[in-house]
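Protein chains: 2
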Amino acid sequence: MEKFEVNILGCGSALPTTRHFPTSQVVNVRDKLFMLDCGEGAQLQFRKSHLKFSRLNHIFISHLHGDHCFGLPGLISSFDLLGRTSDLHIYSPKGLEELFAPLLGYFCRGMGYRVLFHTFDTHDAAQIYEDRSLTVTTLPLRHRVPCCGFLFAEKPRLNHIVREQIERYDVPMYELSRIKNGADYCMPDGQVIPNSLLTRPADPPRRYAYCSDTICLPELIPALTGVDLLFHEATFAESELPRARETFHTTARQAAELARSAGVRQLLIGHFSARYEDETILLNEARQQFPNTLLAHESLCVSVE
Amino acid sequence: MEKFEVNILGCGSALPTTRHFPTSQVVNVRDKLFMLDCGEGAQLQFRKSHLKFSRLNHIFISHLHGDHCFGLPGLISSFDLLGRTSDLHIYSPKGLEELFAPLLGYFCRGMGYRVLFHTFDTHDAAQIYEDRSLTVTTLPLRHRVPCCGFLFAEKPRLNHIVREQIERYDVPMYELSRIKNGADYCMPDGQVIPNSLLTRPADPPRRYAYCSDTICLPELIPALTGVDLLFHEATFAESELPRARETFHTTARQAAELARSAGVRQLLIGHFSARYEDETILLNEARQQFPNTLLAHESLCVSVE
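Chains as they are written, first to last, in the working numbering: chain A, 192 to 496; chain B, 192 to 496.
Isolated chain A (complex conformation):
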């Protein structure tokens, strides 16, 4: 299967600790890199991950809280020092450009590449990115400020040609594209070879959903149903449920219940409150509801499969 991985650069919450950086992830889809949030230190963690800076052209910022975007000026400066020339696209709720432009205008003046800011609406889901193999759609969340998660969906791929059958029926090369797209093959003598004999199905398209920061939102279930990997914030243990409600965050148990209701394949929890010296309690509470739960940690790389 082609590469589709989630790299955790930071999975702490607002207050960093000795164990966690603030939020940032890199989604690697066939060696195209996409950054989700960019907390302070994201570029330092990126370096350590041995991912390639030059492969990163798109950054998605979920909301305008400092622990999700204070890493931007440093990352943008370093790209310039490394000789970047290609455009960098940053997607966020409105306001980010206005807040960072004065800083970038001063500290990054005369840069060799452009930073292009794009805004998205945080009320209605919308596709905000598309390429040959992938779409990215917003997932409206509910937090103290306008906020969206992101759904990465592979596009359905063409069926695989079964080489031996192509040779057996002596199918000419110029027919292969049609056959990959699902057509049957009509032999010179009029006999029709059904597509199912000539191809085997492509791997099913995979989906990754990123939900941080938010209260637990059951209305997300339709969009999350059957995703292969769901990252969901799990800032608090169940004992802190009132605090979770008050601060518009989710408990580990709630995140797991959502994963179960949506029938996702695997759940990855993160955005841990600084109060936990280790997150075993969060993992245990989640696994009671949804056994296939993983704890995020810095440098973790999870394959979406």
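These are computed hints drawn from the structure, not numbers from a lab. Since the structure is predicted, the reported quantities are computational estimates derived from the model, not experimental observations. A hint or two may mislead.
Each pair may be met inside one copy or between any two copies, as identical chains are not told apart.
No farther apart than 20 angstroms at their CA atoms in a straight line, the calculated lysine to aspartate or glutamate pairs in the EDC-like style are these [what the hints assert, rightly or not]:
no., residue 1, residue 2
1, Lys194, Asp322
2, Lys239, Glu468
3, Lys239, Asp469
4, Lys346, Glu448
5, Lys346, Glu196
6, Lys285, Asp394
7, Lys371, Asp312
8, Lys346, Glu496
9, Lys194, Asp394
10, Lys239, Glu489
Since chain A is already given, all that's left is putting chain B on it; use the hints.
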């Protein structure tokens, strides 16, 4: 001796690496903490150092390059999350407040404490901080933008009372303050006991000088003469001298020659270019000129003595 330590939080240069954070240090004078520069990740390194955030009230920014100040928004936000109420003073060349105020106004609105910005002139040395035991004076440097280093100088301390002598001559308590300040003691019978019999000299006041970023400046020698510890940037090895000149930086050898000419006690070099996978070449080139040279590294704590 009372505490006077330099803690290295980051000693890389503009481009961070897997080994180095951008520039930041914390000077600890009798458990009052002073931050020198605040590169991205300074708060994360601060946490790891186990220094106390609540002891930090003064931050000195040498110049307005991102690798010396991009850590400020995160640090300021975290202080607020930790419930800080006391004023935070930030000293810098002019322009810092204007650049960061919009960001702070948005991300840190409603904070429970005040951030007070102070500017200093970068052409003439001036005392910019003073308390009971310490002064901080600027050291004008020469870089691509206005820049100053900082000289931390302990104030001379009062002599120590020699308890046995005080008892021997039956000196009343109310005389002790005068005696600590150098006065002789006149006995009831008129006999004068010289101060030197009643006290022993205080430890000599110590000085720490921080010089980053700059070309090598021989005109600093008078200000640096005899300092106990000199931190000097040493971005490049001697083979990169032309590059050092072009970018207004210093080579390790130049830093060591300056240390030798100024007769400092110990030299600490840092602000290493990302091109060095280890800095042995810089250490060796410096030690040829000035043997008592140390390489900075993250988490290093050097006592000024």
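Here is what the structure says about each hint:
1. Lys194 x Asp322: Within one copy only: 15 angstroms inside a chain, 59 angstroms across chains, cut-off 20 angstroms.
2. Lys239 x Glu468: between (23 angstroms within a copy, 14 angstroms between copies)
3. Lys239 x Asp469: This pair counts as between: shortest inter-copy Cα distance 16 angstroms, intra-copy 22 angstroms.
4. Lys346 x Glu448: For Lys346 and Glu448, neither the intra-copy (28 angstroms) nor the inter-copy (63 angstroms) Cα distance is at most 20 angstroms.
5. Lys346 x Glu196: within (16 angstroms within a copy, 58 angstroms between copies)
6. Lys285 x Asp394: neither (37 angstroms within a copy, 59 angstroms between copies)
7. Lys371 x Asp312: neither (37 angstroms within a copy, 71 angstroms between copies)
8. Lys346 x Glu496: Intra 14 angstroms, inter 65 angstroms, cutoff 20 angstroms: intra-copy only.
9. Lys194 x Asp394: Only inside one copy: Lys194 and Asp394 sit 12 angstroms apart there, 64 angstroms across copies, limit 20 angstroms.
10. Lys239 x Glu489: For Lys239 and Glu489, the Cα distance is within 20 angstroms both inside one copy (10 angstroms) and across copies (16 angstroms).
When held up to the earlier numbered hints, the structure conflicts with 4, 6 and 7 and fits the remainder.
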